[in-house]
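So the protein sequences, as listed, match chains L and E. Residues in the first sequence are numbered consecutively from 1, following the numbering used here. Residues in the second sequence are numbered consecutively from 1, following the numbering used here.
Treat the hints with care, as some may be off.
Stated by the list, open to error - List time: in silico DSS-like cross-link candidates among lysine-lysine, alpha-carbon distance up to 25 angstroms:
id, chain 1, residue 1, chain 2, residue 2
1, L, Lys89, E, Lys44
2, E, Lys98, L, Lys89
3, L, Lys89, E, Lys92
Quick caveat, the hints were computed from the structure, so don't treat them as lab data.
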Amino acid sequence: MLGNAVQSEVISVALMIAFSMVSVAVALSFWRLFRGPDRPDRILALDTLYINTIALLILLGIYLDSALYFEAALLIALMGFIGTVALCKYLLRGDIVE
Amino acid sequence: MSNNTMQEYILAFLIVTGASFTLVGSLGLARLRDFYMRLHGPTKATTLGVGCLLIASAIYFSSKPDSFSMHEVLITLFLFITAPVSAHLLAKAALHLKLRSIAKLPEQS
Numbered sequence: 001m002l003g004n005a006v007q008s009e010v011i012s013v014a015l016m017i018a019f020s021m022v023s024v025a026v027a028l029s030f031w032r033l034f035r036g037p038d039r040p041d042r043i044l045a046l047d048t049l050y051i052n053t054i055a056l057l058i059l060l061g062i063y064l065d066s067a068l069y070f071e072a073a074l075l076i077a078l079m080g081f082i083g084t085v086a087l088c089k090y091l092l093r094g095d096i097v098e
Numbered sequence: 001m002s003n004n005t006m007q008e009y010i011l012a013f014l015i016v017t018g019a020s021f022t023l024v025g026s027l028g029l030a031r032l033r034d035f036y037m038r039l040h041g042p043t044k045a046t047t048l049g050v051g052c053l054l055i056a057s058a059i060y061f062s063s064k065p066d067s068f069s070m071h072e073v074l075i076t077l078f079l080f081i082t083a084p085v086s087a088h089l090l091a092k093a094a095l096h097l098k099l100r101s102i103a104k105l106p107e108q109s
């Protein structure tokens, strides 16, 4: 086991289930990212991917009992939203900063 | 210590619920047949899932002695504000590129 897990039995079992579910979700959005027939599909897959990454980081913060991962999750949320908006602007206008 | 046990069960329930909503959202992204259907899945389910996980994290870090943690609310608020905006922009981009929908056109009256 990595880190010092100090949780009770119930929470650690719930965390293991949640880790596997979110990992499957990350794999599914990666599949759509590579497969996606059109460009908006790929952007939507990236959007879902960063939201899933936030979920994974929150779970890791609970698992390792550390509040450090919260800042990383907040940064990913900010940058992911800006990235989605910039890519959509590019598809709509053909340019990002006009 | 039945209060602690109750809190642990609530935390476990929130964690599992959030993770299953996240999984359902990504399943919708992977399995639905059409871009406009696929847009529907993750934008709702994942924000709800991450919301549940963030509430669980706030309860967990507030339950320790001498600590009160409310900064998870920042991420929740930010995600709830930005998710509709990005979904709207994605739908606009898809309409601009004239992506085909498999839904039938409405009847002309």
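Hints, verified against the model:
{"no.": "1", "hint": "Lys89(L) with Lys44(E)", "in the structure": "holds, 22 angstroms"}
{"no.": "2", "hint": "Lys98(E) with Lys89(L)", "in the structure": "holds, 16 angstroms"}
{"no.": "3", "hint": "Lys89(L) with Lys92(E)", "in the structure": "holds, 10 angstroms"}
Violated hints: none; the structure is consistent with every hint.
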